[in-house]
Every structure is written in C-alpha cells, then in structure tokens.
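Read top to bottom, the protein sequences are chains A and B. Position 502, counted from 1, in the first sequence is what the working numbering calls 502; the numbers after and before it change by one each time, with no gaps. Position 332, counted from 1, in the second sequence is what the working numbering calls 332; the numbers after and before it change by one each time, with no gaps.
The set of hints was computed from the structure by calculation and includes no laboratory data. Possibly wrong hints are sitting among the right ones.
[Said to hold, decoys possible] Straight-line alpha carbon distances no greater than 20 Å define the calculated EDC-like cross-link-like pairs of lysine to aspartate or glutamate that follow: (1) K223/A x D590/A; (2) K466/A x E307/B; (3) K263/B x E227/B; (4) K223/A x D588/A; (5) K544/A x E29/B; (6) K541/A x E161/B; (7) K544/A x D85/B; (8) K226/B x E79/B; (9) K35/A x E574/A; (10) K37/B x D589/A; (11) K466/A x E227/B; (12) K39/B x D589/A; (13) K226/B x E307/B; (14) K541/A x E36/B; (15) K37/B x E574/A; (16) K263/B x D85/B; (17) K541/A x E79/B; (18) K551/A x E33/B; (19) K466/A x E75/B; (20) K273/B x E75/B; (21) K551/A x E36/B; (22) K263/B x E29/B; (23) K217/B x D300/B; (24) K466/A x E36/B; (25) K466/A x E25/B; (26) K120/B x E562/A; (27) K31/B x D42/B; (28) K551/A x D42/B; (29) K41/B x E29/B.
[Unchecked claim] If you want a taste of the chain A side facing chain B, the calculated C-beta under 8 Å gives, among others: (30) T266; (31) S286; (32) Y392; (33) D590.
[As the list claims (entries may be wrong)] The calculated label-pair distances, taken between Cβ atoms and stated as ranges, are: (34) E604/A x K120/B: 16 to 22 Å; (35) D191/B x G92/A: 45 to 51 Å; (36) L336/A x H70/B: 44 to 50 Å.
As the structure is a prediction and not an experimental result, all values here were calculated from the model. Every residue gets a Cβ at the ideal spot worked out from N, C-alpha and C, and that includes glycine.
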Amino acid sequence: MSMDTHAHATVHEHDNHAHGHDDHDHDHEQTFVEKYIFSQDHKIISRQFLITAIIMGVIAMMMSVFFRMQLAWPGEKFTMLETFLGDWAPGGVMTPDIYLALVTIHGTIMVFFVLTGGLSGTFSNLLIPLQIGARDMASGFLNMLSYWFFAVSSVIMVASLFVETGPASAGWTIYPPLSALPEAIPGSGTGMTMWLVSMAIFIASSLLGSLNYIVTILNLRTKGMTMTKLPLTIWAFLVTAILGVLSFPVLLGAVVLLIFDRSLGTSFYLSDIFISGQALEQTGGSPVLFEHLFWFLGHPEVYIVILPALGITSEIVATMSRKPIFGYRAMIGSILAIGFLSFIVWGHHMFLTGMNPFLGSVFVFTTLLIAIPSAVKAFNYITTLWKANIIYSPAMLFAVGLVSTFVTGGVTGIILADSALDINLHDTYFVVGHFHIVMGASAIFGMFAGVYHWFPKMFGRMMNNKLGYVHFWFTFISVFGVFFPMHFTGLAGVPRRYYSNEAFAIFDGTVEINVLITGFAIFGCCAQVLFIFNFFYSIYKGRKASQNPWKSTTLEWTTPVEHLHGNWPGAIPEVHRWAYDYSKPGKDDDFVPQNVPLTPGEEEH
Amino acid sequence: MMNLLILLVVVFAIIAILRLMKVYELTAELKGETEEKVKQKDIRFNAGMMIGALVFIFGFCIFQLVKYSHVILPESASEHGVDVDNLMNFNLIIISIVFVATNFLLFYFASKYYFRPGNKATFVSHNNKLEMVWTVIPAIVLSVIIIYGLTTWNKITSAVEGEAINIELYAKQFDWTARYEGKDNVLGSYDYRLTSDTNPLALVTEDKANNDDILVKGEFHIPVGKEVMFNFRSRDVIHSAYMPHFRAQMNCVPGMITNFHFKPILTTAEMRKKLNNPDFNYILLCNKICGAAHYNMQMDIIVETPEEYNKWLAEQKTFAMSNVVAPVEEVKTPEVKVDSLAAAPKDTVKLATK
C-alpha cells in the first residue's frame, strides 16, 4: 500500500515540475534496480514481459522441432537430440516419456507463458495507459508484482525440465488420474508438482495484471475519452482481462484440488483405480469434474489469447490502411459477444467424456453461435481494406496474415463444434491443425504485428523492414505448410500425442505428410531467427524513431520518444474524437490525432 | 572439432550479418531513407506478394487434395457413420466456400488497394445494412448446420431400439480386453479391489453371472448388421476407445461406465475387398494420452457374418474355464524400453488367442 501511494506521489510531482525540465531528471532519482528490475513503470514492465515471453517462446519452439523430428523420422538417430535431451534421448532417439513431456511443456508454455502472459502482459501494459491517456497503471506496485510472479512461474516451469523424472507429461490439459499418479507416468512425480506450483503462481500473476488493467481502463481515462472513443485495442484488452479474472480462479481451484488428490489422499478426481499392483483407497471422485473445471478456464483462455491479437490487428489495419476501421461499434459488440459466449461453450471439449448427450447438444448450439461475431469481425477487417491506401509495414503484413489464419482455422472449428462430427475427429490431428491455425498462428501473428508496430514506442528505435518482410513471408508459408496438412492426417484418424504412428498399418500413408510438416516446421523455426536478430539488434542499433512514425491518431504517439515516468511531460492530452479519423474528407493530412478538437461544423464520423 | 567449426561458422555469420546491416543502414541514410517511411518499392512488392499468398494457399490446398485424399479414412463401416459422413461432406462444402471466398476477398483487396502517393482512402466508417447482411446470413447458415448436426447427434446417441449385443471394453495401460456376456446375456459384476494377475478385470467370482462371461485379448469379433452396445471401463487412467472406421469414439473413465453403440454394416472381408488390401483390419486404438506406450495400445476388430461370429464365440473359453493360472502370454509391447511398463502388473491369465 505504501509503495502504491509512493508511485502516485512521483507521478503527481512529475505533473507539477515537468514543464521545462529535462526529463532525465527523474531517471537519476531511480537506481538501476528500481528502473529496470523492480520497476513500477508500465513501459518497462511491458518490455520485461515481452523479453521473458520471447525466451519462453524460443524454448517451446525448439521443443516442437524436436518432437516433429521424432514424428517425421521415428527411430532415426539425431546427435542434436542427445545434445539437448541427454539421457532422455539415448543414442539420439528420444524416449516415449520425453516425447510426451515435450508435447506437454510446449503446449503449456505457448498457451500460458507466450500467448497469455507474453501477449496480454506486453501490450496491455504498454498500451492501456498510453492509449487511454493515463500516467501509469492504477497500481504500479501490483503491476510490478504481476511481472515478478510471471517471472518466478516461468523459472519454475523451465526448472521442471531438469528434474530427474522429467517434467509434467500428461498433456497441457493435465487430465487426472494420469497427472495425479506418478505410477502412471514418471512426469507426474516432481515434474507435475512443479507444473502445478508454477501454474498457481502464474494465475496469481494473471489476476494481479487483469485487475489492474480493468481498474485502469475504467477509472483512469483522460478527459473526453469516453468508452466509445477508446481504440479497439483497449476494448479487447478490457474484455480479455475480465475473462481472465472470471476464469483463472476456477483453474486455480482445479489445480489446488489436484494438489490435494496428489498429496493429501483426497478423492476429488480419483475413483476406483488399480495401479502398480495396488488398489487405491480413493473412491467417489471423478476425472470429469476436473475436465469441467479445466475447460471452464480452458475455453475462455483461447479467447484470452486471441482477443488481444484481434485488438492489435484492428488498430494496425486501420492505421496502415489509412482508413477507419469498418463498423467500430459492431467490432465492440462482437468482442463483447465473443467474451460472453466464451463462458458457455466449454463442454465442446467434452462431448466424448461420457457427459450426457443432451448437455452436449446445448454446447453445440452455444459454440456454433460464436461463429457469428467472429464472422462479423473477419468481414469488417476485409471491408476496411476495401478502397484503402495500404502501407505495407511488417506489422501490416502480420495483421493481414492474422485475418487469413483466423478465417482458415475458424471454419474448421465449425466442424469440430458439431458433436456428431467430433466423435471421429476428437483428439486427432484435425484438432491440432485447427487450433494451431486459429489460435496459435493468429495470436502469434497478432503478437508479431504488435511488436513491429509499437517497437518504436517501446525502444525509441525502428526495426528493420526488409528483415521483417522476409520474416513474415517465411512464417506465413510455414504456418500453412505445417498446420494445413494436419487436417488430412486427422481425417485419416491419426491421434494426437502419439510418439510414433508405425504401430498402425492404416497410418502408413501419412508418413510422407509428417515429413512434409516437419520440413516446414524446421523452415519456420529458422525464419524466427530473423525476428530475434532484428529485435535485439534494433533495440541497440536500430534507426532512431520519430515521435509518430506510422502517422497514427492514437494518444501513445503524442508522448515523446524518450520514455519518462508519467508518459507526458506536460498535461495529459484531452480527447475530442474517435481513434479512426484516417483520410477524413476535408482534411489536409490523412490522419487526425484524437487530441485535435473538432473544427466547427465537423461531423464526428 | 566439428562443434568448434560450427561455432566458428556461426560467429562469423553473425559478424557478417552485423556488418551487412551496418552497410545497409549507411547507404539508406545517405539516400535519406528511413524505416518509418516505407518505400514505395516495398509496398508494391508486398502488394504483389498478396496475390502470391493467394496462389500459394489455394495451390497448396489443391496439391494436398490431389496427393493426400487417399490417406483419408475409407467409407464408414457402421450405419450411423454414413450419416456422419454425409454431415461431414455437407459441412465441408460450406466451410470450403467460406474459406475460398473470404481468403480471396482478403488478399485481392490487400493487393489491389496499396498505397499510391497522392491517393486518399475512402472514408467509410460503417454501413448498417451491410453489417446486417453478414450477421444474418451466417446466422441462417449456422442454424441449418446446428439443426442438421443435432439431428444426427440425437440419432447416434439415442437408446438402442430392440436388442443389442453387450460388450465390455476394458482399458488399462497399455492394452484392451473385451468381455462378452455369455449365454446368460448378463455381464457379471466387478469390484476394482479384486484386480489381480489372475483376475485382471476384477470380476466378482461369487457372482454366477460372471462364470459364462468371455474375455478376449488381441482381437474381438462383432457380427455385421447387429446393434452392438459397448460398455467402457478403465483400470487406471483415462483412455479413449477410438474405432475410426466405425466413426465411433468414447472415453474410458476410471470410476464410471461409459457407452457407445453402433451397427457395423461392412464385414472385414468386404472392406478388404473394397480397399483391395488383404491385410486390412479394423482397429480399436487409444485416443486419450495415457502414458508412455499410449501410441501402441490397440486391438483388432473383426466384423463377420452372424454365423461366423456365433461359431467364433462358441470356441472361446469362459471366465470360469480360463480362471486357471497359466504361463504369461506376451502382448504386443513397444520396441523402446519403457520403465513405467515394469510397474504395470503382468496378466497371467490364459486368455483367448488369435
């Protein structure tokens, strides 16, 4: 609490003294540790989230290349695997246990650490105060805690890779009893304990962050910034944060009960189990309870991942098309509709768990409804491009790529949402292909778009465009190359999480598809080196950015390039118009910033 | 030595790239170019590439359709599976149209409306009529999909009409056992605490109904044209009984019994003929991650005429007959040594063989 007031005090002081001062003054008051490590400044925290997420992303991506190699060339010896996996890949062939562990940790890191922590953490932190016109988050201290909880949980998750019995291996959904019984799989020993502890801390981080985002958006908007003048990024972040606050605690509940089952002998999820020559005491519990609790978070979670990406895309598509986003209010409406519906569809992950088929029907209905607001969003993006004046920055390429993957992956969701069709496609590669395109690729495209677009705001320098273009086209090609063929293997009935398909003659035809997929995966992985190089090189050596490099209307570009605590050296700008006055008739420039008053007789939009 | 060489190559490559970047930037600076003012040449290049993207996506799709259509599951071997396939084709046609149309519009616009100096974008903020159109049309299409889908689902999950053959499929790490009712048409009771090497399905020996039950491993038989009701049970973790050719799947959950029923319509012999593959077999496989040998937990399914089926069934030993300790029968185990397998108890019951 006292830290909290302290943060506000500095901000106010700043308000009073900033005029005419050299802004470096304040930097001198802070030690290195205060400024860069335990920082309460949202801009620094956002960079911390981003860099942590990039490191986690690289780890998870390497894992995916490893297990793709096993799938394409099962039993083949790779010295590289022995180098990285040691005893888990004796002679360069990974064991089935480590295969499952890699799949599990790849999923966990990508979903939670990269696309939830990384995406929301980076861009909510960076953009919320800057775009709504606030000096900082409502609570800088909680914000700092949010990052450090995230950092600690990341460290624990990575540390679990070095446990002797291996990291958690029950799939990222960690269904008990597999995740509860070390006798069932070695990864359910210490590795799973660390997974659970890491996730509990991650949830705390996510809650601290989300509460802060909500309070900041609702309370700290600058004068004139009504809810309907907010850029769509902020609407997306707001709904994302609300989803997080409502659903993550349920996952915490699920995790805590699982910890009880594992260590205290309770039977929430366990019943009538005989394993390792022993009948367990536990009776009366049900793994289906865990599935309900898990997916009550798990489904909103995919929207927690995709909504910020869609918000970022809305902003970039409008800015780089030099055209207002089409149907601003419909976009808000669809974000809200998606947010609401995401809470009543979780059962579509459970059609085949033995759940009552009638209940399944209800979930079919609600799930397919989500296609409507999603379609509205896709069509609105496409219409925004119509008769536009598109400038292709790397960010814009990724934004266009996102719309394509969102549609391409979205339509196969219509198949999977149909319970009758899910019978034969459930847990096959069709599902893997579907969610990697619609959620994985789209969200990561949104994240790349955001990084390229707001890099000048984060680091005061520009990323190299040429490298960005090559990065995009290589990534785009590999996304389709990797995930589209998976629909075919899925339709062939190949189950996911299989260490090898050699045991089944009926899958012999899919061998060459797996080789093709792995080829694209390795290509895509190499393409990311371009991004990582560009990112770190540009932080130090990139060309200096000007204040508003993309000629954008939103408030973040009215702040000076040099970061200062409190964001604006003088008074916070007042907002007079919506965020999308691009190419407005009767104006000389093709953009009018939000803080420019309406001229007499000018219509709003 | 090799590693050192690789390291050196990497280091030099990085230095070379850094130098190149420097040269690129210096020349750009001399020409007065900046990254934020995107070059017209680059804009045009990327706009052109948008058509390239379209060609790539659709071309790749066609390539796969031509090349990989044969790997897709053959026609359904069960009655409800035919409905499922029809529903699938109906949905595939709709989503293919949406996929092609939206991607086409997206990349076409993206390529056509690129920045030209002096040009101004058209200021359109919204159009209620248009937005209504693309809210209502998807809603109507989805209503059709929902109604068609749910009708099929209700048909599949509704109770069996008339008589059905009851079979229990018992899952454990990492194999399957099928149990038939025997002459009394009752699956006898079980208690998980009774699980042992000699009684792997934990059947209550005092229960007379168990005596004539038939336990088989490796493969199980079902008659064509008869409704078969499967009762799924699991010993240890969640498994999922997946029979892809019959469009059938259901999780096996410890602590509860789940069900799925279907009517096979093509015998194994008929399917072998259709596929022109004399070695073809229907399979049951595990489709829920269950441990190290998850990828090799399978059982063959033989569909035959009722006469053949009855004959086969009559040849099988009943639980009472086979309840004698006999040498361990090797089940298919994965080639890779798996530590956790050692923990799993070995079944010593002499079970029906292939």
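- Task: Sort out which numbered hints this structure fails and list those numbers smallest first.
- Result: Result: hints 1, 2, 4, 6, 7, 9, 11, 15, 17, 19, 22, 26 and 30 break, sorted rising.
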